[in-house]
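Since the structure of chain A is provided, determine the placement of chain B on it from the hints.
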Amino acid sequence: MATIEELNKTRVELREKLEQETRKVQELKGTAKREPIAKMSAEVVDSNPYSRLMALKRMGIVEDYEKIRSFSIAVVGVGGVGSVTAEMLTRCGIGKLLLFDYDKVELANMNRLFYQPHQAGLSKVEAAERTLREINPDVEFEVYNYNITTVDNFQHFMDRIRLGGKEKDKPVDLVLSCVDNFEARMAINTACNELGQSWFESGVSENAVSGHIQFIVPGDTSCFACAPPLVVATHTDERTLKKEGVCAASLPTTMAVVAGFLVQNVLKYLLKFGQVSYYLGYNALQDYFPTMRMKPNPQCDDTHCRKQQQLFQEREAAKPKVEVEKVEELAAVHEDNEWSIEIVSETTAEEAQAAQGDVPSLTHGVTVAYTKPVQQEADSSELVSNTELSLEDLMKQMQSL
Amino acid sequence: MVDEATKSTLAKIPLLKTKAGPRDGDLWIPRLKEEYQALIQYVQNNKESDNDWFRLESNKEGTRWFGKCWYIHELLKYEFDVEFDIPVTYPTTSPEIALPELDGKTAKMYRGGKICLTDHFKPLWARNVPRFGIAHAMALGLGPWLAVEIPDLIQRGVVTHKGSDQAKS
Numbered sequence: 001m002a003t004i005e006e007l008n009k010t011r012v013e014l015r016e017k018l019e020q021e022t023r024k025v026q027e028l029k030g031t032a033k034r035e036p037i038a039k040m041s042a043e044v045v046d047s048n049p050y051s052r053l054m055a056l057k058r059m060g061i062v063e064d065y066e067k068i069r070s071f072s073i074a075v076v077g078v079g080g081v082g083s084v085t086a087e088m089l090t091r092c093g094i095g096k097l098l099l100f101d102y103d104k105v106e107l108a109n110m111n112r113l114f115y116q117p118h119q120a121g122l123s124k125v126e127a128a129e130r131t132l133r134e135i136n137p138d139v140e141f142e143v144y145n146y147n148i149t150t151v152d153n154f155q156h157f158m159d160r161i162r163l164g165g166k167e168k169d170k171p172v173d174l175v176l177s178c179v180d181n182f183e184a185r186m187a188i189n190t191a192c193n194e195l196g197q198s199w200f201e202s203g204v205s206e207n208a209v210s211g212h213i214q215f216i217v218p219g220d221t222s223c224f225a226c227a228p229p230l231v232v233a234t235h236t237d238e239r240t241l242k243k244e245g246v247c248a249a250s251l252p253t254t255m256a257v258v259a260g261f262l263v264q265n266v267l268k269y270l271l272k273f274g275q276v277s278y279y280l281g282y283n284a285l286q287d288y289f290p291t292m293r294m295k296p297n298p299q300c301d302d303t304h305c306r307k308q309q310q311l312f313q314e315r316e317a318a319k320p321k322v323e324v325e326k327v328e329e330l331a332a333v334h335e336d337n338e339w340s341i342e343i344v345s346e347t348t349a350e351e352a353q354a355a356q357g358d359v360p361s362l363t364h365g366v367t368v369a370y371t372k373p374v375q376q377e378a379d380s381s382e383l384v385s386n387t388e389l390s391l392e393d394l395m396k397q398m399q400s401l
Numbered sequence: 402m403v404d405e406a407t408k409s410t411l412a413k414i415p416l417l418k419t420k421a422g423p424r425d426g427d428l429w430i431p432r433l434k435e436e437y438q439a440l441i442q443y444v445q446n447n448k449e450s451d452n453d454w455f456r457l458e459s460n461k462e463g464t465r466w467f468g469k470c471w472y473i474h475e476l477l478k479y480e481f482d483v484e485f486d487i488p489v490t491y492p493t494t495s496p497e498i499a500l501p502e503l504d505g506k507t508a509k510m511y512r513g514g515k516i517c518l519t520d521h522f523k524p525l526w527a528r529n530v531p532r533f534g535i536a537h538a539m540a541l542g543l544g545p546w547l548a549v550e551i552p553d554l555i556q557r558g559v560v561t562h563k564g565s566d567q568a569k570s
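Protein chains in written order, with the numbering used here: chain A, 1 to 401; chain B, 402 to 570.
Don't read these hints as lab results, they were simulated from the structure.
Just so it is clear, the structure is predicted and the values come from calculations on it, not from any experiment.
A few of these clues could be false.
A few chain B residues facing chain A, derived, Cβ under 8 Å [to be verified]: (1) L417; (2) L433; (3) P524; (4) K563.
C-beta atoms are modelled at their ideal positions from N, C-alpha and C, and glycine is treated no differently.
One chain only, chain A, in its complex shape:
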């Protein structure tokens, strides 16, 4: 015969087991959801998802953390960098996220973070929204499964940046470019220059061993079209880089590092702490992190960039002046040069300039992907001739070939 104590012990054990099983069932059914929280609390209890974030205030890092809920951010591209970026912002309790991507989840994405094999086949934005809502139901979402670079979608994309703020019909606070191609970056650049919208560009190289983030404030800093694309020099010989049979490599590590840099600077900008980096490079092979700030190119190809530069100059001129002490840099003079050695270039400065075009001044470890020579007037015989034919005539002629 069991004693009463023994029976009681069994009863407690059984109850615990029952609770565990109930939790498992709830998890499977998806009913073990965290409920929305109306107001962020700083109370340090294990059921408060915001306690460690609100502790940033007590530590004197951030003055007003709750403000994070008033911000809206557009993340363009939710692949290796964008999905992790969106997750970080979700966990930080951002007010609203707008996600743009036209791609589907594939098993080939599983070397990166965030997506799971069972999501293969779902659109990335749909899969991301589901996971992120589970993590934090306080975040508001808008997701768009389309390609922003086509004429049909671009206007809608611009409208969502202009009107997608946390407050109705206000612009978003930031656009984050987490795309993997030049065309999409240029499309974001075009939209943000037209709207005067501040944005962050981010990227990981195709060989997965370097990356960068860049903060672009139209008119104030260099836009994405002001110079040829920048590359972080990893001192690997490009000619020995094997590209046979592959387009791109990727590592979860490099992508997570870049996403971390990106969101860190977004938080610093929004919550006003520390210094925001205007350009931060990451050379993974040497663990080298160049930083710099670039002025816009007065001859930028993008007319809206030039317009924003003018507006910025006008705003600056209207501000009260602050005296800045100038430090003069002296040219290096060698004390003795008994053989009168001089460095003489084989090409003149003008020739070199014409061959390269305008190259921005960059920090050590960052170069341009290529240079653009000063545009020469093409020989008129090489140009397409003027035609009397209408567009319809030409279309017909093409079809009849």
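Below, chain B alone, put in the same frame as chain A:
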């Protein structure tokens, strides 16, 4: 960088004059006419040199292009559908040419069957804005891609000949 044959092909394609994209309103029409003129000239050049290899046409607005391209390998003709959109940032950025039916069959492709171009293509395009158009993208991008990838795809058995009913056009 670019081989001699491609260079001489390229030299015979007229260069374009108008820097305008599909969002530039009225300016897009003259650009579109120039695109068609250059393409017609290029196809005629190809026919003359017995190297006819593609046909393209566009929607009314000239924003979406589609057609066929073909490649002759060991006397057999392999034909593929080609398609691409003109991006809003055109001609600063080149069109992304796609062969959807080959999607997933070669690593030299991005999603949706967009062909993976060499490291030289983008700098070359950037240096020639707005002179290069769709004809140049075909000559510098798709042409060399087919020449490298199709024989390999045939050899690996991923692409097979669809029968001998496809007469040379």
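Going down the list of hints, with the structure as the test:
Taken as an interface hint, L417 (chain B) checks out: its beta carbon lies about 6 Å from the nearest beta carbon of chain A, inside 8 Å. The interface hint given for L433 (chain B) is met, as the beta carbon of that residue sits about 6 Å from the closest beta carbon of chain A, less than 8 Å. Nearest Cβ of chain A to the Cβ of P524 (chain B): about 4 Å, under the 8 Å cut. The hint holds. Using the Cβ-Cβ criterion of 8 Å, the hint placing K563 (chain B) at the interface with chain A is not satisfied: the shortest such distance is roughly 23 Å.
The structure shown violates just one earlier hint, number 4.
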